[in-house]
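**Q** What follows is the residue order along each chain.
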Amino acid sequence: MDAKAAKDSSLVERWIEDQREWQKTAMAYMDSMVKNDDFLVHLGNAMRGSLLAGKPYPTAPAAGAAAPPAQDAPADDRLDRVLFALHEMQGQLTDLRLTLEELRNGKKGPPPTMPAPRTASAKARAPRAKPSAKAAVGKARPRRPARSGKAGKARG
Amino acid sequence: MSTSEDEQERELEALLELSRRGRAKLERLHEVLTSPGHYGTGATPSRVVYRENKLRLLRLLDEHGQPRAGRPAVLFVPAPVSRYFIVDLLPGRSFAGHVAAAGFDVFVIDFGTPTSEDRYADLPYYVDGLVRRSVRMVSTITGQPAINVVGYCLGGTLSLLYAALYPETVARLVLLTTMVDGDVQGGIAWVAHRMGLEGESYENPRLVPAAEVKSWFEMLAPGSNSLVGRVSDLWERLDDPAARLRDVRTMATWVDDVVPAPGRLLAEMYRQFGPGRNGLMKGTSTVGNRVVELAAVRMPVLSVSAEKDAIAPPEGVDAIVQVVPHAEVLRLPGGHVGIVAGRTAASLWQRTVEFLATSRG
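Going down the list, the protein sequences come from chains R and L.
Here my numbering is used: the first residue of the first sequence is 1, the next is one more, and so on.
Here my numbering is used: the first residue of the second sequence is 1, the next is one more, and so on.
Keep in mind the hints are simulated off the structure, nothing from the lab.
Small disclaimer: the values here were computed from a predicted structure and weren't measured.
Keep in mind that the hints are not guaranteed to be accurate.
[To be verified] Coverage of chain R stretches by chain L, computed from C-beta distances (three or more under 8 Å per stretch; other residues unrestricted): (1) 24-35; (2) 47-53; (3) 88-101.
A virtual CB, placed ideally from N, CA and C, is assigned to each residue, including glycine.
Let the sequences and hints guide you as you build the complete structure.
**A** Rendered as structure tokens:
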């Protein structure tokens with residue numbers, strides 16, 4: 001009978017110990033929530049089945065967002081057009097700098113690696129609306145009437 | 001003790017064990033969530049050698065913090081709509097690091113995260129602009145007129161277009177899970193096609209939100225976005241050692257950490273390469289005002305597909321031999337991400353090194 005009591009006691013003690021351990025686990029989570037600003041983000045990601053580190057799980061797009069809405073670009077997108085034109089110019093300046101370095105070093109110039117100028121016929125084949133900085137400032141609208149095209153998604 | 005009491009005791013013991021296991025998993029999860037993880041940077045030490053817009057061109061360094069100058073140059077071109085560090089995931093799990101350790105001077109393009117103005121970025125901006133200047137910069141730095149290029153997925157498409165336009169600057173070309181035949185059913189473009197999505201406008205593009213980009217990939221793997229399924233998977237994985245969980249976390253960081261996409265680029269790529277257009281196979285694709293002649297791709301080409309690739313179906317990848325007949329085609333077991341950075345990725349890395357090394361010296 002004593003042996004049985006000891007065994008029962010052991011089981012009870014282990015249950016109590018288990019409960020204490022659960023309290024410790026819960027406290028560890030509470031502690032991290034309070035002390036670590038990012039912990040809730042991490043925990044939220046984990047609860048979505050993701051261990052994504054450092055930033056929140058991408059929020060699902062709003063209903064219907066899978067089919068892109070009618071094009072709703074900002075009415076005045078001049079700033080973005082200018083900024084992008086500046087990025088393009090930055091690249092062109094790099095090309096010029098590299099070409100100058102090659103000339104200075106007596107190497108063959110860059111013609112083989114320079115994109116050919118765009119022609120009107122080619123433009124018709126591959127329509128683009130890439131404005132120059134000047135055009136972007138002066139005309140903040142597409143060069144041709146907008147035409148919506150099917151588009152796909154690609155990734156790698 | 002009666003049989004009934006024995007059964008009760010066994011049940012209690014079982015419950016106690018269940019409780020202990022559950023608690024152990026939660027403690028493991030706490031440990032993973034509170035320990036430093038991999039927060040989206042390359043694993044191999046590197047130096048930024050060129051910046052343009054959001055792009056950074058990284059040059060990997062050796063164990064002494066020095067570039068591997070004098071070695072054959074290799075440029076990795078990851079996809080511009082995901083994070084670059086998939087090719088440099090973890091120490092010991094880095095494709096780029098492996099190639100560097102094999103004796104190459106490795107450069108990696110990080111296209112960065114597009115912002116609002118980048119919605120106007122199109123195919124010429126990437127191919128004639130960012131990729132061309134990156135190659136040019138590598139050539140200038142290394143003094144090598146022709147370098148090796150390794151493109152992954154959409155980065156492979158950009159690399160193939162670039163190689164066709166500027167073949168004299170590419171010594172060898174490796175294409176990883178790069179779709180060539182857009183009419184092969186399946187994959188990310190067909191998801192858009194089948195769903196009848198209205199699509200992006202070329203003329204009036206938007207910056208496609210990261211969450212929307214993510215939703216396309218979740219469409220490719222039905223159930224992958226199921227909360228129950230994902231939490232269940234995670235719960236099972238919490239039995240793994242913490243080190244393994246760190247690997248999982250790093251991979252999850254890449255898979256879940258998508259970036260916004262330039263709408264104009266997507267619109268142009270769909271119009272040129274998507275189902276029904278199939279410009280690479282038909283020879284009608286253009287970059288700006290230049291027609292892309294794949295016949296110009298005369299350098300050695302290795303094209304790698306993945307058997308279980310849901311994003312770029314292997315048949316659409318292997319079709320490259322129809323337009324670049326001398327291309328060596330390799331199909332590996334695994335999925336789109338796994339063959340590059342998974343546990344079995346070493347076979348791809350080694351094959352790539354052998355391919356790149358063939359013409360060295």
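**Q** Which of the listed hints are broken here?
**A** Per hint list: zero violations.
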